[in-house]
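S.K.: Since the structure of chain A is provided, determine the placement of chain B on it from the hints.
As a plain string of letters, each chain reads:
There are 2 protein chains.
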Amino acid sequence: MPEKFMRAALKEAQKAFEKGEIPVGCVIVKDGKIIARAHNLKETKCDTTNHAEILAIQKASKKLQAWRLLDCDMYVTLEPCSMCAGAIVNARIRKVYYGTKDEKTGAVGSVFNLLEDYTFNHQVEYEAGILQQDCEDILKQFFKMLRKKKIK
Amino acid sequence: MPEKFMRAALKEAQKAFEKGEIPVGCVIVKDGKIIARAHNLKETKCDTTNHAEILAIQKASKKLQAWRLLDCDMYVTLEPCSMCAGAIVNARIRKVYYGTKDEKTGAVGSVFNLLEDYTFNHQVEYEAGILQQDCEDILKQFFKMLRKKKIK
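Those protein sequence lines, which keep their order, are chains A and B. Going by the working numbering, the first sequence opens with residue 699, and the numbers climb by one from there. Going by the working numbering, the second sequence opens with residue 699, and the numbers climb by one from there.
The hints are simulated quantities; they were obtained by calculation from the structure and are not laboratory data. Each hint should be verified, as a subset may be incorrect.
Copies of the same chain look alike in the list, so a pair counts if it works inside one copy or between any two.
[What the hints assert, rightly or not] Below are the DSBU-like pairs computed for lysine-lysine, each with C-alpha atoms no more than 30 Å apart in a straight line: (1) K760 <-> K847; (2) K702 <-> K846; (3) K731 <-> K743; (4) K847 <-> K702; (5) K717 <-> K731.
Looking at chain A on its own, in the form it has when it is part of the complex (with noise of 0.2 Å):
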């Protein structure tokens, strides 16, 4: 189950690199339904608030006409970064499940552990490496072809 939802954030990590961004994908579920989707839009929005998980949790309040995002579990290609962590936590999303790490920036394990903080008043259970080699290959390709396109 899990994996078929990453499939879906993997498909929106695609239309980023398609566009020229890091391609990170995300899809929002509640009740066995996607109910919001996005990817990274940082630099064709000029905004690094732009994040796919911003984009999907804003998504997600407009839908349910609520801030609160109970009993919804976030699926992301790639571990949430600071900025998305703390909105996780806010908009009290109950899971999340990412695909591959984020070893210089990740805020869910790698640098920080900001969803199982127990000085917040709500933690969000997470499980890491759902589809890990897919959300890495994409991120890899983006990366290699930048190097070709900068050495061109």
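M.R.: Using the frame of chain A, we list chain B on its own:
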């Protein structure tokens, strides 16, 4: 000088207060001029990403047509949470001035200090306590009013 810009942030907090929002206001300054003003709109917009700091970063990015808010300083009445502190680091803000501490969820010195974390490739200076009493008073006044409403 910090007081002048914090007064502008307090004006924004007052706008939030009048809308029934937790009164937090924020301005972003570049070259001595305010380039973005925003206040908390979480309840109004049913969206937890609508904190004053995120909205101000979005406005400043739109104005500068850049996600890197280089040489920009932020003035915010309340200590930023993890989401906002993460966004501040991602946006490469130069310095954050804030009014009063948030002992429960503050991520700029209280619970965490995300701005000065040396695992990130950008650190943000900060100064706390600018017009501290005024920034605290507006929050206290708001929560006092909320409690009175609940009793009625």
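S.K.: Have a look at K717 and K731 and pick one of within, between, both or neither, based on CA distance no larger than 30 Å.
M.R.: Within one copy only: 26 Å inside a chain, 34 Å across chains, cut-off 30 Å.
S.K.: Regarding K760 and K847, is the shortest C-alpha distance of 30 Å or less found within a copy, between copies, in both, or in neither?
M.R.: For K760 and K847, only the inter-copy Cα distance (28 Å) is at most 30 Å; the intra-copy one is 38 Å.
S.K.: Regarding K731 and K743, is the shortest C-alpha distance of 30 Å or less found within a copy, between copies, in both, or in neither?
M.R.: Answer is both: 28 Å inside a copy and 23 Å across each meet the 30 Å cutoff.
S.K.: First find the shortest C-alpha distance between K847 and K702 inside one copy, then the shortest across copies, and answer within, between, both or neither for a cut-off of 30 Å.
M.R.: neither (33 Å within a copy, 47 Å between copies)
S.K.: How would you label the pair K702, K846 (within, between, both, or neither) given a Cα cut-off of 30 Å?
M.R.: neither (33 Å within a copy, 49 Å between copies)
The structure fails hints 2 and 4 (numbered hints given earlier, in ascending order).
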